[in-house]
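S.K.: Knowing the structure of chain Y, use the given hints to seat chain A on it.
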Amino acid sequence: MDKKARLALGAVLVALALVAPFLLYPTFAMKLLCFALFAVAFNLLIGFTGLLSFGHAAFFGTGGYIAAHTAKVWGLTPELAILTGMVASAFFGLIIGFLAIRRKGIYFAMITLAMSQMIFFLYLQARFTGGEDGLQRVPRGHLFGLIDLSHPLAMYYTVLGIFLIGFFIVWRVVHSPYGQVLKAIREHEPRAISLGYDVDRYKLIVFVISATIAGMAGGTKAIVFQLASLTDVTWQASGQVVLMTLLGGIGTMLGPVVGAFLVVSLENYLAAYAVPVPVVIGVVFVACVLLFRRGIVGEIEHRLARSRN
Amino acid sequence: MISTQLLFGQLLLGLINGSFYALMSLGLAVIFGMINVVNFAHGAQYMLGAFAAWLLLRFAGIGFWPALIVAPLIIGLIGIVIERLMLSRLYKVDHLYGLLLTFGLALIIEGGFTHIYGTSGQQYAVPAALTGGWNLGFMFLPIYRAFVVLASLILCIGTWLIIEKTRIGAYLRAATENPALVQAFGVNVPLLMMLTYAGGVALAGLAGVLAAPVYQVSPLMGSNLIIIVFAVVVIGGLGSIMGAIVSGYVLGVCEGLTKVFYPEASNIVVFVIMAIVLLLRPAGLFGKGD
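Those protein sequence lines, which keep their order, are chains Y and A. Position 286 of the first sequence, counted from 1, bears residue number 286 in this note's numbering, the numbering being contiguous throughout. Position 287 of the second sequence, counted from 1, bears residue number 287 in this note's numbering, the numbering being contiguous throughout.
For reference, chain Y alone in the conformation it holds in the complex:
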């Protein structure tokens, strides 16, 4: 796609996002945006750096728990609560990233998975998280102490704003010289090393950025749903975000957003039926891996590129 078409597509999407709360149930639209941001953050690693983190729910959940706690117990305003959630996620991202980047490929995936399970147990046992019940009745509060977020539209446009900020950060990272180095690492790590790049440092920084934005998504979700619970820290949740990205298209900007929309919608739709959700999700997973590894957006981009040549 050329620049003009990209801009037009972006404008259409932003316009759609602006009218979404009038077309969809606002809470549902907010859920879509939270998971889309989570998937965008995750894709920064797998899609643009070639690192499969199988423990990203740890950061999503951390953002949620810390934002919920600081909003509820410390009485912070929502933006500050989410910010503290992001700081906590960045902190865990630094520790887990530091350990995980010592190995590559599937080892990296297994280490992030195991470390995130450790975080799961920490939240299960920690006193402030409320164990199996989670943190409930978190106040949405007033944005900057001014705008009352108990109004669904005010909350929706706040979430949209947060999503756009997060999306822009990832876009900016990917399209910067730094992002070029990340892609070089993805394509051929030994060559990047031989060119003199401190590959480990690049990986660690991008891991922390991704963890922070995942925390941003989790914190926002906790404020929207006024709840932080263990569900968002389980390894199944980590797998879910992998599926979203895989389904939408690994390594595309819009893929994770599309994937998150489809998976969340599918789950919402299935909840009304007696079909076991994990089975359907699992079937989608297997189908993606076997039949279309490019994902939806990836496949479209591939065909567009081919038809032009």
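None of these hints come from the bench; they were simulated from the model. Just so you know, even glycine gets a beta-carbon here, dropped at the ideal spot from N, CA and C. Each hint should be verified, as a subset may be incorrect.
Below, a list of computed lysine to any residue pairs in the SDA-like style, where the Cα atoms sit at most 25 angstroms apart [what the hints assert, rightly or not]:
hint, chain 1, residue 1, chain 2, residue 2
1, Y, Lys104, A, Gln5
2, A, Lys165, A, Gly199
3, A, Lys92, Y, Leu291
4, Y, Lys183, A, His95
5, A, Lys92, Y, Val283
6, A, Lys92, Y, Glu189
7, Y, Lys72, Y, Leu146
8, Y, Lys183, A, Tyr97
9, Y, Lys104, A, Tyr97
10, Y, Lys104, A, Val93
11, Y, Lys183, Y, Phe168
12, Y, Lys3, Y, Ile300
13, Y, Lys104, A, Met242
14, A, Lys92, Y, Val286
15, Y, Lys104, A, Arg89
Some residues of chain Y that are not near chain A, with every Cβ distance over 10 angstroms (derived) [claimed, not checked]:
hint, residue
16, Val173
17, Phe261
18, Glu299
19, Asn309
To give an idea of the chain Y side of the interface with chain A (calculated C-beta under 10 angstroms), a few residues [unchecked claim]:
hint, residue
20, Leu52
21, Leu113
22, Ala274
23, Gly282
M.R.: Relative to the frame of chain Y, chain A by itself:
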């Protein structure tokens, strides 16, 4: 002062858990060594083994001893189907896709069983010949638990011997190094790969049958185990059969000891050890690097 009863009781429990860690990480190591797939469905296949034993008893009246043979065969056959229909198509792409595919399979298997049987566990009685226990003076040792430790030791050593000392094991190791060359010598490498996956999976099924009388037979029994086993595997070094076995037992015992001295940390001690090992020896205790 900690009572010897508690100490030895937890040590035994740690050894039992360690037996399952060792069996599971051994199966993972065999599969990974040969076909480069991290079998995320390993926990689900272990659960299938336990359920197969339970279903065989309930609907066919087939008891523990025949189930010890029949259930792993069934799980192995399922493994053959999975390998032929799905995994074999992924050998040429990034190894991550094998992990993702088996993750999807784990969701399907566990989701299906949870849908049918719920999350509450089913009881499976200890076989009559192994009920009761010995009073060792300092502790009471249930016979079945001693049997599990012994059986797992025999299985681990047996698998190790097959891979290190037999002709088929030699083919396996050679095919791991250079499949094309081994194929050129007239060895049917795709068949070998299929049998390796089936064998590794059958081992998980067998572990499931052994686990049925110890733990409750529940759809989620494998899903938390698999993460710990992944940590065990990272600690031992995934390429290494010996690493899988030794670190399996040692970590089970470490976990048991933590339960005695600092119970709050017992859930995470394996992951803490993994973090320390990664800091000191990124390739794992027995590993040879990426």
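S.K.: Next step is simple, just say for each hint if it's right about the structure.
M.R.: Here's how the hints hold up against the structure:
1. Y:Lys104 / A:Gln5: violated (44 angstroms)
2. A:Lys165 / A:Gly199: holds (17 angstroms)
3. A:Lys92 / Y:Leu291: With Cα atoms ~14 angstroms apart, Lys92 of chain A and Leu291 of chain Y stay inside 25 angstroms; holds.
4. Y:Lys183 / A:His95: holds (19 angstroms)
5. A:Lys92 / Y:Val283: holds (22 angstroms)
6. A:Lys92 / Y:Glu189: Given that 25 angstroms is the threshold and the Cα spacing comes to 20 angstroms, the pair holds.
7. Y:Lys72 / Y:Leu146: holds (17 angstroms)
8. Y:Lys183 / A:Tyr97: holds (20 angstroms)
9. Y:Lys104 / A:Tyr97: Distance of about 15 angstroms is within 25 angstroms: holds.
10. Y:Lys104 / A:Val93: holds (16 angstroms)
11. Y:Lys183 / Y:Phe168: Answer holds: Lys183 of chain Y to Phe168 of chain Y is near 18 angstroms, not above 25 angstroms.
12. Y:Lys3 / Y:Ile300: holds (17 angstroms)
13. Y:Lys104 / A:Met242: holds (22 angstroms)
14. A:Lys92 / Y:Val286: holds (17 angstroms)
15. Y:Lys104 / A:Arg89: At roughly 23 angstroms apart (the allowed maximum being 25 angstroms), Arg89 of chain A and Lys104 of chain Y satisfy the hint.
16. Val173: At about 22 angstroms from chain A, Val173 of chain Y clears the 10 angstroms cut-off, so the statement holds.
17. Phe261: holds (20 angstroms)
18. Glu299: holds (16 angstroms)
19. Asn309: It holds; Asn309 of chain Y is separated from chain A by about 24 angstroms at its closest Cβ, greater than 10 angstroms.
20. Leu52: Since the shortest Cβ distance to chain A is 5 angstroms, the answer is holds.
21. Leu113: holds (6 angstroms)
22. Ala274: holds (9 angstroms)
23. Gly282: holds (3 angstroms)
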